[in-house]
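Trainee: Following the hints, complete the assembly by docking chain B onto the known chain A.
Chains A and B supply the protein sequences, listed in that same order. The first sequence: position 168 = 167 (numbering that gives the first Met the number 0), numbered continuously. The second sequence: position 297 = 296 (numbering that gives the first Met the number 0), numbered continuously.
One or more of the hints may lead you astray.
For chains that are exact copies, the list does not tell them apart, and a pair is met inside one copy or across any two.
[Said to hold, decoys possible] Calculated pairs, EDC-like style, for lysine to aspartate or glutamate (alpha carbon to alpha carbon, straight line, at most 16 Å):
| hint | residue 1 | residue 2 |
| --- | --- | --- |
| 1 | Lys122 | Glu135 |
| 2 | Lys190 | Glu211 |
| 3 | Lys190 | Glu9 |
| 4 | Lys33 | Asp83 |
| 5 | Lys463 | Glu154 |
| 6 | Lys125 | Asp358 |
| 7 | Lys259 | Glu224 |
| 8 | Lys460 | Asp192 |
| 9 | Lys126 | Asp144 |
| 10 | Lys123 | Glu452 |
| 11 | Lys126 | Glu9 |
| 12 | Lys466 | Glu262 |
| 13 | Lys372 | Glu355 |
| 14 | Lys460 | Asp83 |
| 15 | Lys10 | Asp191 |
| 16 | Lys270 | Asp232 |
| 17 | Lys125 | Asp192 |
| 18 | Lys372 | Asp144 |
| 19 | Lys466 | Glu200 |
| 20 | Lys10 | Asp192 |
No lab work stands behind these hints, which were simulated from the structure alone.
Protein chains: 2
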Amino acid sequence: MIEIMPLLDEKSKMPLYIQLYNYIREEIVSGRIKPDSRLPSIRNLSVYLKISRTPIADAYDLLLGEGYIRSRPRSGFYAVSPEDIPSLHAETAGESEEEEQKKSIASYDFHYDHVDLHHFPFKKWKKWSNICLTSENHHLLQNADLQGEYGLRKEIASYLHQLRGVCCSPDQIIIGAGTYHSLQLLFHLLKDDVAIVGIEEAVNIGVKGIFEQFPSFSYRSLTLESDGISMKDLYNSQAQAVYVTPSHQFPLGMTFSMKKRMELLQWAYKKNAYVIENDYDSEFRFNERPLPTLQSIDKHNRVIYAGTFSRIMSPSFRISYLILPRSLFHRFQKQINSYNQFASPLLQKTLQLFMESNDFARHIRKMRRLYQKKHDILVNAVNHFFQDQADILSQGSGLHILLKVKNNMSENELILAAKKEGINVYPSSIYFLEPSSASTAAVLLGFGALSEETIKCGIKKLAKAWKIT
Amino acid sequence: MIEIMPLLDEKSKMPLYIQLYNYIREEIVSGRIKPDSRLPSIRNLSVYLKISRTPIADAYDLLLGEGYIRSRPRSGFYAVSPEDIPSLHAETAGESEEEEQKKSIASYDFHYDHVDLHHFPFKKWKKWSNICLTSENHHLLQNADLQGEYGLRKEIASYLHQLRGVCCSPDQIIIGAGTYHSLQLLFHLLKDDVAIVGIEEAVNIGVKGIFEQFPSFSYRSLTLESDGISMKDLYNSQAQAVYVTPSHQFPLGMTFSMKKRMELLQWAYKKNAYVIENDYDSEFRFNERPLPTLQSIDKHNRVIYAGTFSRIMSPSFRISYLILPRSLFHRFQKQINSYNQFASPLLQKTLQLFMESNDFARHIRKMRRLYQKKHDILVNAVNHFFQDQADILSQGSGLHILLKVKNNMSENELILAAKKEGINVYPSSIYFLEPSSASTAAVLLGFGALSEETIKCGIKKLAKAWKIT
Chain A
0 MIEIMPLLDE KSKMPLYIQL YNYIREEIVS GRIKPDSRLP SIRNLSVYLK ISRTPIADAY
60 DLLLGEGYIR SRPRSGFYAV SPEDIPSLHA ETAGESEEEE QKKSIASYDF HYDHVDLHHF
120 PFKKWKKWSN ICLTSENHHL LQNADLQGEY GLRKEIASYL HQLRGVCCSP DQIIIGAGTY
180 HSLQLLFHLL KDDVAIVGIE EAVNIGVKGI FEQFPSFSYR SLTLESDGIS MKDLYNSQAQ
240 AVYVTPSHQF PLGMTFSMKK RMELLQWAYK KNAYVIENDY DSEFRFNERP LPTLQSIDKH
300 NRVIYAGTFS RIMSPSFRIS YLILPRSLFH RFQKQINSYN QFASPLLQKT LQLFMESNDF
360 ARHIRKMRRL YQKKHDILVN AVNHFFQDQA DILSQGSGLH ILLKVKNNMS ENELILAAKK
420 EGINVYPSSI YFLEPSSAST AAVLLGFGAL SEETIKCGIK KLAKAWKIT
Chain B
0 MIEIMPLLDE KSKMPLYIQL YNYIREEIVS GRIKPDSRLP SIRNLSVYLK ISRTPIADAY
60 DLLLGEGYIR SRPRSGFYAV SPEDIPSLHA ETAGESEEEE QKKSIASYDF HYDHVDLHHF
120 PFKKWKKWSN ICLTSENHHL LQNADLQGEY GLRKEIASYL HQLRGVCCSP DQIIIGAGTY
180 HSLQLLFHLL KDDVAIVGIE EAVNIGVKGI FEQFPSFSYR SLTLESDGIS MKDLYNSQAQ
240 AVYVTPSHQF PLGMTFSMKK RMELLQWAYK KNAYVIENDY DSEFRFNERP LPTLQSIDKH
300 NRVIYAGTFS RIMSPSFRIS YLILPRSLFH RFQKQINSYN QFASPLLQKT LQLFMESNDF
360 ARHIRKMRRL YQKKHDILVN AVNHFFQDQA DILSQGSGLH ILLKVKNNMS ENELILAAKK
420 EGINVYPSSI YFLEPSSAST AAVLLGFGAL SEETIKCGIK KLAKAWKIT
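So here's chain A without its partners, still in its complex pose (with noise of 0.2 Å):
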């Protein structure tokens, strides 16, 4: 039998069986678990180790599917030579990776991260990147202005103008890599006068990634009430900026109120505090009337505004946008050669391309009315088959809606009941910062990708899986 001398270190964040797998796949693929030796077993390795037999086992289980040992009935575990690791071989890899995204493809998947790209106006994009890709505008390909190229941030000013009512002008719009790059560097600009940042208690995930990036800030988490942010915690904060997305709260979906807007700048003028607006999916409101930015109505400078086209475009373009208040933008000329551009230059100048003609206006135009259907039919469809059996929480914009199941089932049991039926639903309460104020087991459900048909299909499949009908 062979030794298995792990140092597992039970205080890290990686779970034991994660080390465990780590430590002899290692030693698998070194060679130095010869190829066929038998591993110890799940029994012996755990009194052995002196850790329960459940981290064991999932080690195991993991090495197993993924080829670096083999299971023999009645005998025990044995490892597999390295030329015989399908995952170690790139070829069979890269299949097997790209069959797996293609089943995920085919199963129901409510992401609400996915956009609808059956109806990207490849046509004409492709018209505009041909003209950008030609001999005589050979200069694109060279890099560009740091700030993001200059006609498509005219293009950007002009189109938030007229869509969500923003003043600016294009020297205060900076060009980014995705929402992310622009937080990132937002925050680099901050970090000199800013302490605290109040963020709303329900966060993206990748958001959160970033404020983990500039531990120099604390952060203080914000009670969300239906209307918006809890102004008494933002009171209470002593924040010098505050992150918001009041057009849709991301994940829970709320719209801040007329009222709590104008709480806000208030607060930001009297503390001369930053407020940061997120209006990531701001294109798609649906049956109402949208409310004007925070930008739109800031008289006094205090508002940084975000957006991105991985909604309205593609997010494998990775452009977003940040506008500066005039005063931050000085600073960032100050520091503009610290920055790093991102963003594609080629394909901003072809996104600015496609703006300067009438196919974005038309585009925009298209793919509201699509989503509008979308999220209607995912209504009704939720409606009909759950009845009084589930609440939707929040509704009427954006790509996501949030659903309350009235089963008493926890949000885990209600992710792993539809995963048996193909269907990938997701958790909301992986978002609170801090993970006991997720009061209600809810999950999210996004359309933007799916079909009609597949959204009615898919909400009638997990009225089935969750024992509603």
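Mentor: Just chain B now, kept in the frame of chain A:
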């Protein structure tokens, strides 16, 4: 006379004159200072604000230069109406910016970062790009693998193996949106077990900017000798990681000798330290056989390899890569959700198709021949027009040379004299971590983007500008 009551903070990192400039600028733009009202004199404002006259004069200068105020002889400074301030009006600003760009393209620009885009394979790239932009491939527009597209990583692994002897699996590769993005990611991974980083005494400004983003590291400057970094400096540094550009030091241009490469690896093994090898323009080594990369001769997984497609393809794609040793890769896997993939999946996929075809190999061969020719023309032109009046301090690889001119002009004088003749050459001293260590006045001459004729003509004009002939 109007009143000016800015809140000036003498402890702020922002200079007083900038604070004052910002304040007055906003007062004028907002209309709180009425058009044509007279500003207080420098002398009166100095008494009133209890600060010296210099920052006030500087602030007024800046406001004058940008058109916010105008001066009337023997009367004073007057606010301009916001409608008449040119920089506030997008269209005008845009046009002048574009005009400026055009002008700079027309001159002789020996920029070390520019690549030849006249010979970019537009037709072939368009072909692959258009294949990605079809509705059957709509999933390519969805957000994709956080680590980078698997298929592209596979191509990179095989390309680096063939060209640079690099041995790695696609699993170890992480795609980034340019070298700075890749280094940002890497430093996040290293920050838990690295406190001291050794860096070459002269280093790319962007890389320096990344270092500054990680104040938890302390840095040790390592003297550069003709065959690489000073090992003595490294032994004394107590560094746990070292950053080097062994195949073509940026900016000084030397290549690390084989002896130094081996010593560097020995040091890393002994200290269990990391070597960060930035191989940014390794495709271009002329005349001599390239030396093996550190990654390819590393026996103990201490080398982290960074590369980019900015040189061989186009900086506008924003695609780079990082090859992690296994141990670091496992750390990356644990943290993958806090990593943000800024490189466009669409461009990644296009690049993958381009690499899978023979087009890429052909392109590399073509560009290498092309750059070799330009390099030789540059070197010959320098020898011809400067004779013994200049030394080329480094040559034979990469897209720039370092030129020492023996006419007793300082670096700055050389640059200014060239500029007068419409020629841009670039300083080398600004790259030094400690300004005093730039011992020789030498300028950088990049040749990537210039035609053969322009190179010859530019060098001739330089000789004249510097009074060599």
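Trainee: Run every hint past the structure and note whether it holds.
Mentor: Taking the hints in turn, this is what the structure says about them:
no.: 1; hint: Lys122 x Glu135; result: between (22 Å within a copy, 13 Å between copies)
no.: 2; hint: Lys190 x Glu211; result: both (13 Å within a copy, 13 Å between copies)
no.: 3; hint: Lys190 x Glu9; result: neither (34 Å within a copy, 18 Å between copies)
no.: 4; hint: Lys33 x Asp83; result: within (13 Å within a copy, 80 Å between copies)
no.: 5; hint: Lys463 x Glu154; result: neither (48 Å within a copy, 45 Å between copies)
no.: 6; hint: Lys125 x Asp358; result: within (12 Å within a copy, 21 Å between copies)
no.: 7; hint: Lys259 x Glu224; result: within (10 Å within a copy, 63 Å between copies)
no.: 8; hint: Lys460 x Asp192; result: neither (52 Å within a copy, 49 Å between copies)
no.: 9; hint: Lys126 x Asp144; result: neither (24 Å within a copy, 27 Å between copies)
no.: 10; hint: Lys123 x Glu452; result: neither (27 Å within a copy, 39 Å between copies)
no.: 11; hint: Lys126 x Glu9; result: neither (57 Å within a copy, 54 Å between copies)
no.: 12; hint: Lys466 x Glu262; result: neither (44 Å within a copy, 68 Å between copies)
no.: 13; hint: Lys372 x Glu355; result: neither (27 Å within a copy, 41 Å between copies)
no.: 14; hint: Lys460 x Asp83; result: neither (40 Å within a copy, 64 Å between copies)
no.: 15; hint: Lys10 x Asp191; result: between (33 Å within a copy, 12 Å between copies)
no.: 16; hint: Lys270 x Asp232; result: within (15 Å within a copy, 50 Å between copies)
no.: 17; hint: Lys125 x Asp192; result: neither (44 Å within a copy, 47 Å between copies)
no.: 18; hint: Lys372 x Asp144; result: neither (40 Å within a copy, 30 Å between copies)
no.: 19; hint: Lys466 x Glu200; result: neither (32 Å within a copy, 68 Å between copies)
no.: 20; hint: Lys10 x Asp192; result: between (34 Å within a copy, 12 Å between copies)
In the structure shown, a violation is registered for the earlier hints numbered 3, 5, 8, 9, 10, 11, 12, 13, 14, 17, 18, 19, in ascending order.
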